[in-house]
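J.: Chains as they are written, first to last, in the working numbering: chain A, 1 to 276; chain B, 277 to 570.
In case anyone wonders, no lab produced these hints; they're calculated from the structure. Note that the structure is predicted; figures quoted are calculated from it, not measured. Mixed in with the good hints, there may be bad ones.
A few chain B positions that, by computed beta-carbon distances, are all more than 12 Å from chain A [as the list claims (entries may be wrong)]: (1) L303; (2) A412; (3) L419; (4) G436; (5) A476; (6) R567.
Label-pair restraints from in silico Cβ distances [what the hints assert, rightly or not]: (7) A:Q78 - B:S477: 13 to 23 Å; (8) A:Q78 - B:Q458: 42 to 52 Å; (9) A:A142 - B:H561: 25 to 35 Å; (10) B:H561 - A:R21: 53 to 63 Å; (11) A:D129 - B:R565: 21 to 31 Å; (12) A:T130 - B:A296: 49 to 59 Å; (13) A:T130 - B:L558: 25 to 35 Å; (14) B:L437 - A:D129: 41 to 51 Å; (15) A:D247 - B:L395: 50 to 60 Å.
Here are some chain A residues pointing at chain B (derived, C-beta under 7 Å) [unchecked claim]: (16) F104; (17) A106; (18) A108; (19) P111; (20) W112; (21) F149; (22) L157; (23) F259.
Idealized CB from N, CA, C, for every residue including glycine.
Spelled out, the chains give:
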Amino acid sequence: MTLTALKTVPPAPAGNPEATRPAAEVRNASVIYPAADAPVKALSNIDLRIEEGEFVALIGPSGCGKTTLLRVIADLEQISAGTVLVNGVSPHDARMARAYGYVFQAPALFPWRTVLANVMLPLQIQGRDTAKSRLIAIEQLARVGLSGFEKKYPWQLSGGMQQRASIARALAFEPRILMMDEPFGALDEITRDRLNEQLQQLWQKERRTVVFVTHSIAEAVYLSTRIVVMSPRPGRIVKVIESPLPDERHLGLRDTPAFMNVAHMVREALADGHHD
Amino acid sequence: MATTTDLRQRVLPVAAMALAAVLIWYLGAWVTNAPGAIERVLAPAGIPWNWQDLLKATTGMERPVLPAPHQVALDFWSSLADWPVDSPRNLLYHVAVTGETTLVGFVLGTLLGLVLSVLIVHSRTLDKALLPWIVASQSVPVLAIAPIVLVILGSLGFSGLAPKAVIAMYLSFFPVTVAMVQGLRSPQVIETEMMHTYAASRWQSLWLLRLPAALPFLFPALRVGIAASLVGAMVAELPTGATAGLGARLLTGSYYGNTLAIWSALLMSALLGLALTSLVALAEHLVLRHRRQP
């Protein structure tokens, strides 16, 4: 485990951490939105440790705080109480150190930039050399299967291709953590299956830490090594399921009893959370 | 096939409207000039006249109330053809003067509008402090502002182009400011958050996201702005003693009751306005050609 983790962790921008340090650590964290009548507890006493190289799915019904939790780790949302560490530092410092790439629900590609220029955007912000950035972006687009579309504009691409371009953009500067907030939620099932497969293969190759928010049980079980089941009012973790599935996965796996067993466990946990 | 559709859907309606306008114009010329023509042309001659003589007389007067289209066209053409370009009798000379003021005022106004909109978008205080004054500035008639600006700048030693450009700027900065405030605020939450995750600075967010996102808002404002700048430039020419420029030409024309000169200058300023807005439209087309047309 230690050996593979060391071998497969993407090149770190600064200081190689000891192997035991988690990619993200959330301790007793709460997010409370003040309201006139009763404050809303979006997240309540969350404890979660995400190791490097893990593929963690956050799943739950809407309002359970799964997106809020991801946004807290990404420094897009502030916690009201508790501690959050990303790569051993605060989310803000981790963000400033460009520790993670974030994929949103929508592709959010700039319509005035070509696909290539869109993928180059984070590199441009980091002040990297243009010629090198171009090469990196071309390579990233190839990794998500978009070679030949570099000069196209976003509106010339299908929804699935746009989301793939946005994944290439998130990976352009080789962040150590990839955070994805229901990235395939707006896509049709066929496209979604294909992208799930590609994402799985990408993770197989690189073993980059992925935190993945979804409300699809099949997606969560298929992709992740660990499934965090959450429940609303207040947003909390009801169960963490270690996936017994092998690391090597293909779409056919979804019809095996082992897969259905895990899916069943997730469904049970979701139902438990709902009836509390 | 496309050309047939174009002909039927675009060219024909425009042509029909133009024809109607010319007919109404002639009708207006006959009616408005008839009393003058009878009194000054037909009656003094002392011979009997019929309606054909009246029609002819009304469209051939030297100082008609409303000159006929062909009179305006002839006067327009003669000013271009019969005089050297640097002569004040040539309309192109005045186009150059007014056009220069318009363009300088437009560029200054656009820059001012851009700076103001960036300040307003980035500072809540400035948003509250500046915007009401900017709106209020436009409720003061430019005809009242123009002489004041000319006197003040004149006393400071600025004459010629500078004061006129300032007045043109005064009219053209407003649409740019308002549109750019809206445009710079047009990026969606998801886009600003994405820049945030890349740890982009404010300046980078402005340059890489807000400004490009605001361009579709900017160009319509520039079209309005350049037309407003032309109005400002012509108004600014009025109180200066009126020596050069299309506005000055309009003023001298009305001094001497030279209606033909007025109409020629009017036609020329309309053409100048059309040319300037087309220039902006061309720039818009070039800059935004890759964006999807909704």
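J.: Can you list which hints this structure breaks, lowest number first?
T.: Hints 5, 6, 8, 21, 22 and 23 are the ones this structure does not satisfy, whereas the remaining hints hold.
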